[in-house]
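Participant: Take a look at the letters that make up each chain.
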Amino acid sequence: MTLVLLLTLAATSILGTVIPQQDNAAAAIEHYGETLYSILHFFDLFDMYHSWWFQVLFLLLTANLLVCSIERLSSTWKMFFARDPGFKPERFKKQQDRQEFTLQRPQEEVADSVRLLLGKSFGKVHEERLDPELYFFAEKYRWSRLGVYVVHLSVLLMLVGGLIGSLFGFQGFATIVEGESTSQVRLRGSDRSIALDFAIKCENFEVSFYDSGAPKEFRSDLVLLRDGRKVHTKSIVVNDPLRYQGISIYQASYGRLPPKHSQAEPESVTLKIETRATGETRTIATGMDQTESLPAGLGTLTLVDFQPNFQMRGVDLGPCLLARHEQAGQEPEHILLPLNYENFDKMRQGAVIIAVQEVTGAELEHSAEPVYYTGLQIKKDPGVRVVYLGFILMIIGCFVAFFLSHQRICTVVTPEGRSSRIMISGLANKNNLGMQRKVKKLADSLAEAGKEKP
Amino acid sequence: MNSSYLLSIVTFVYGLGAFLYLAAWVFQKESVAVPARWVTVLAVLGNTAGILWRWAESYQLGIGHAPFSNLYESLVFCAWTIGVLYLWLEYRYKIRIIGAFATPLAFLALAYASLSPGISSSITPLIPALKSNWLMAHVVTCFFGYAAFALAFGISLMYLVKLLDPQERSRILEMFPPQRTLDELTYQMVIFGFLFLTIGIITGAVWANSAWGSYWSWDPKETWSLITWLVYAALIHARMMRGWQGKRIAYLSILGFAAVIFTYFGVNYLPGLHSYAQT
Ligand code: HEM
Numbered sequence: 000m001t002l003v004l005l006l007t008l009a010a011t012s013i014l015g016t017v018i019p020q021q022d023n024a025a026a027a028i029e030h031y032g033e034t035l036y037s038i039l040h041f042f043d044l045f046d047m048y049h050s051w052w053f054q055v056l057f058l059l060l061t062a063n064l065l066v067c068s069i070e071r072l073s074s075t076w077k078m079f080f081a082r083d084p085g086f087k088p089e090r091f092k093k094q095q096d097r098q099e100f101t102l103q104r105p106q107e108e109v110a111d112s113v114r115l116l117l118g119k120s121f122g123k124v125h126e127e128r129l130d131p132e133l134y135f136f137a138e139k140y141r142w143s144r145l146g147v148y149v150v151h152l153s154v155l156l157m158l159v160g161g162l163i164g165s166l167f168g169f170q171g172f173a174t175i176v177e178g179e180s181t182s183q184v185r186l187r188g189s190d191r192s193i194a195l196d197f198a199i200k201c202e203n204f205e206v207s208f209y210d211s212g213a214p215k216e217f218r219s220d221l222v223l224l225r226d227g228r229k230v231h232t233k234s235i236v237v238n239d240p241l242r243y244q245g246i247s248i249y250q251a252s253y254g255r256l257p258p259k260h261s262q263a264e265p266e267s268v269t270l271k272i273e274t275r276a277t278g279e280t281r282t283i284a285t286g287m288d289q290t291e292s293l294p295a296g297l298g299t300l301t302l303v304d305f306q307p308n309f310q311m312r313g314v315d316l317g318p319c320l321l322a323r324h325e326q327a328g329q330e331p332e333h334i335l336l337p338l339n340y341e342n343f344d345k346m347r348q349g350a351v352i353i354a355v356q357e358v359t360g361a362e363l364e365h366s367a368e369p370v371y372y373t374g375l376q377i378k379k380d381p382g383v384r385v386v387y388l389g390f391i392l393m394i395i396g397c398f399v400a401f402f403l404s405h406q407r408i409c410t411v412v413t414p415e416g417r418s419s420r421i422m423i424s425g426l427a428n429k430n431n432l433g434m435q436r437k438v439k440k441l442a443d444s445l446a447e448a449g450k451e452k453p
Numbered sequence: 000m001n002s003s004y005l006l007s008i009v010t011f012v013y014g015l016g017a018f019l020y021l022a023a024w025v026f027q028k029e030s031v032a033v034p035a036r037w038v039t040v041l042a043v044l045g046n047t048a049g050i051l052w053r054w055a056e057s058y059q060l061g062i063g064h065a066p067f068s069n070l071y072e073s074l075v076f077c078a079w080t081i082g083v084l085y086l087w088l089e090y091r092y093k094i095r096i097i098g099a100f101a102t103p104l105a106f107l108a109l110a111y112a113s114l115s116p117g118i119s120s121s122i123t124p125l126i127p128a129l130k131s132n133w134l135m136a137h138v139v140t141c142f143f144g145y146a147a148f149a150l151a152f153g154i155s156l157m158y159l160v161k162l163l164d165p166q167e168r169s170r171i172l173e174m175f176p177p178q179r180t181l182d183e184l185t186y187q188m189v190i191f192g193f194l195f196l197t198i199g200i201i202t203g204a205v206w207a208n209s210a211w212g213s214y215w216s217w218d219p220k221e222t223w224s225l226i227t228w229l230v231y232a233a234l235i236h237a238r239m240m241r242g243w244q245g246k247r248i249a250y251l252s253i254l255g256f257a258a259v260i261f262t263y264f265g266v267n268y269l270p271g272l273h274s275y276a277q278t
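Top to bottom, those sequences are chains A and B.
Reading the first sequence from the start, the letters are residues 0 to 453 in numbering that gives the first Met the number 0.
Reading the second sequence from the start, the letters are residues 0 to 278 in numbering that gives the first Met the number 0.
Simulated from the structure, these hints should not be mistaken for laboratory data.
Predicted, not measured: the structure shown is a model, and the values here were computed from it.
Any given hint might turn out to be false.
[Stated by the list, open to error] Residues of chain A clear of chain B, computed beta-carbon distances all greater than 10 Å:
1) SER37
2) VAL66
3) LEU72
4) PHE121
5) GLU138
6) ILE272
7) ILE352
8) GLN356
[As the list claims (entries may be wrong)] For the chain B half of the interface with chain A, some residues (derived, Cβ under 7 Å), not all of them:
9) ASN69
10) ILE190
11) THR222
12) ILE226
13) LEU229
14) ALA232
15) HIS236
[Claimed, not checked] Once the Cα atoms are required to be at most 27 Å apart in a straight line, the calculated DSSO-like pairs of lysine-lysine come out as:
16) LYS246/B to LYS429/A
17) LYS429/A to LYS119/A
18) LYS93/B to LYS440/A
19) LYS429/A to LYS220/B
20) LYS439/A to LYS93/B
Here a beta-carbon is modelled for each residue, glycine too, at the ideal position from N, C-alpha and C.
With the rest of the complex left out, here is chain A (with noise of 0.2 Å):
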């Protein structure tokens, strides 16, 4: 069973990593087609780490993980605080790997000597002796047979913590203009937005680039107000987010204003007019809404709009003119004529090139500086304590139940004359490669012991 959840998850997730996790319904219809879009979409695939069957997947498992760790945890226990170990030399004795030779010295001797190597290596010995053999018993690492339960406990904590910060916690993001600030914060994945019982102020934002014109780092200078009283002072940078109250401020993003610039019409302007085929130039004052003819019949031209801020295709070109281009026989045309960007008009490649000269009346106060906005990420999650106290939990865990096994080793020493019978053998609940190393080292160390003293 567990293996076939674990398994399940691991292939379900595939799924997940293939198909874009998206809430652009539009596009994914385009791509998959009307049919297979619903099929999708009914199984919530465009969202199935928060659908309802991988969840119901991961409940199996934690039930399941559950029951049989309560029910296995039972016997352990039992096991675990037994102040007998109850150990049976039978089970010792059928060992395959268990050593056995004879020494040349009397029971008593060899026993001295076993005392002092288990004693050494595993604690406290026990002694039982069934005439004429004398039994010896010892342990190590019994509690580490917990060690797989608190990995599953772990397991459990993480599912806790997670399943706390979704429902007491929130995530949300929030863009503040340098000097301004905000209580608002627009939760992910929906359009609704929370109040915070605190406002944000964005004091300075400052970001420095590479040569190659990456950004380096980007830090914002916050200030937390509470009744318009600061509470708190930070200043954050990527990887160093501000804590306040079990709420986070992360340094998620930035980006600029448009500068702003007058909305007044501009009263006159000078145009200077090519005329391709020739190079010839001249100059002509017009204003808004006057039409104007060209030289050498190439038709009139008519200042038609004014625009502060002009976006074309997400780019800030700033204050621009809009012309209408009329020639006889011809649609009309529109050119646009930025007032920062004299050469903008070669690019149309027309018959005449048109550049701006001189405005009044628009008051173009271009902003030296350009003003940034912070993008930052808000969240709270009551839920991270417990998540990592489980990341803390399963490493140690981890390292518990793989590396350490409860070893127990069992010798028996059988008299025989002058010398004396002895057999070593191991038991571990895991590693048996690793016990089969230590009862050879054992018996190794006990037949060199056997030689020294004569």
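Please build the complex by placing chain B with the ligand on the supplied structure of chain A, with the hints as guidance.
Facilitator: For chain B with the ligand alone, coordinates are given in the frame of chain A:
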């Protein structure tokens, strides 16, 4: 001469080591495995020097970051972890023939890094999100995990190859350690890798929480590392509870390694936070 030049030389040293190990195996001359080991030790030393040198270079360029930030650097580190882990395995278990299945992996990783035209070896500055000590812990632990899984994969292959010849008639396969040992070693490597992958995922989550404010966001790379983790967790449960051994464990270990490979390379073709690794 710079660090990437040194590392391309190291590629050939790994290649020579792998060749010698393979020769020792195919021609059944254990004695050749000894120089093979020394060549591999040399390669690992060169690899270490290359990484340290690159680190120093990044400081000279005024960028100054640990060399774990793009695909090239991660492949170099990947070769290093496989080399180190293999040498430890050989030292610990005194089984040399595994080298024939392990060192080629280190060679391939480094060869891919050095020779693939799509992989740039230039040192680039870090984007702000990658400036974190957790990044280093994350990368180092993940790669030890991956390296252990790579070795488990090599050993599982040996196990399956050995199965092809149950009567043990083939002289070549006679050089392999007994099946029981191979099985046990696969499992040892898997649990070692699992511990490190676990720590790797956890440090990654802690880092994501400090950089983006969310410890888990189902980004494809995260999801794939979870998939890998689940496959190996299934392997561990199969073994601990059902007592699965041998063939089935070998298959699961190969499946797990396929997931590792996809987590590492395949995910770059899917969109997500980790796409920095494309550079
Ligand atoms: C990370 C290391 C893990 C180890 C070493 C481990 C080990 C074990 C062991 C030994 C058992 C048998 C229980 C017993 O003998 O008392 C077991 C059962 C179980 N484990 Fe794990 N486990 C690990 C992780 C997980 C994870 C991550 C999950 C799920 C998310 C999980 C889910 C389960 C379940 C549901 C059972 C009960 C299975 C049954 O009896 O059918 N384990 N695990």
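Participant: Could you run down the list of hints and mark each one as holding or not?
Facilitator: Hints and how they fare:
Interface exclusion of SER37/A from chain B stands, the closest Cβ pair being 23 Å apart, more than 10 Å. Taking the minimum C-beta to C-beta distance to chain B, about 14 Å, the non-interface status of VAL66/A holds against the 10 Å cut. Separation of LEU72/A from chain B is adequate, the least Cβ-Cβ distance of about 15 Å exceeding the 10 Å criterion. Distance check on PHE121/A: its Cβ is at least 23 Å (rounded) from any Cβ of chain B, clearing the 10 Å threshold; non-interface status holds.
No Cβ of chain B comes within 10 Å of the Cβ of GLU138/A; the nearest lies about 20 Å off, and the non-interface call holds. For ILE272/A, the condition that its CB be more than 10 Å from all CB atoms of chain B holds, with the nearest at approximately 47 Å. Remark: the non-interface label on ILE352/A is consistent with the geometry, its nearest Cβ contact in chain B lying 41 Å away (cut-off 10 Å). With a minimum CB-CB distance of about 43 Å to chain B, GLN356/A clears the 10 Å threshold, and the non-interface call stands.
Checking ASN69/B against chain A by beta carbon gives a least distance of about 13 Å; that is not within 7 Å, so the hint is violated. Proximity of ILE190/B to chain A holds as hinted, the smallest CB-CB distance being about 4 Å (cut-off 7 Å). Taking 7 Å as the C-beta cut-off, the interface hint given for THR222/B holds, the closest approach to chain A being about 5 Å. Interface hint status for ILE226/B: upheld, as the beta-carbon distance to the closest one in chain A is roughly 5 Å, under 7 Å.
Restraint check, LEU229/B versus chain A: the minimum CB separation of about 4 Å is within 7 Å; hint holds. Checking ALA232/B against chain A: minimum C-beta separation of about 6 Å stays under 7 Å; hint holds. Residue-level restraint check for HIS236/B holds (minimum Cβ-Cβ distance to chain A is 5 Å; threshold 7 Å). Proposed proximity of LYS246/B and LYS429/A is supported: the alpha carbons are some 19 Å apart, at most 27 Å.
Straight-line distance between C-alpha atoms of LYS429/A and LYS119/A comes to about 22 Å, which keeps the hinted pair within the 27 Å bound. Between LYS93/B and LYS440/A the alpha-carbon distance is near 16 Å, which keeps this suggested pair within the 27 Å criterion. Our distance criterion of 27 Å between C-alpha atoms is broken by LYS429/A and LYS220/B, whose separation comes to about 33 Å. Proposed proximity of LYS439/A and LYS93/B is supported: the alpha carbons are some 16 Å apart, at most 27 Å.
The structure fails hints 9, 19 (numbered hints given earlier, in ascending order).
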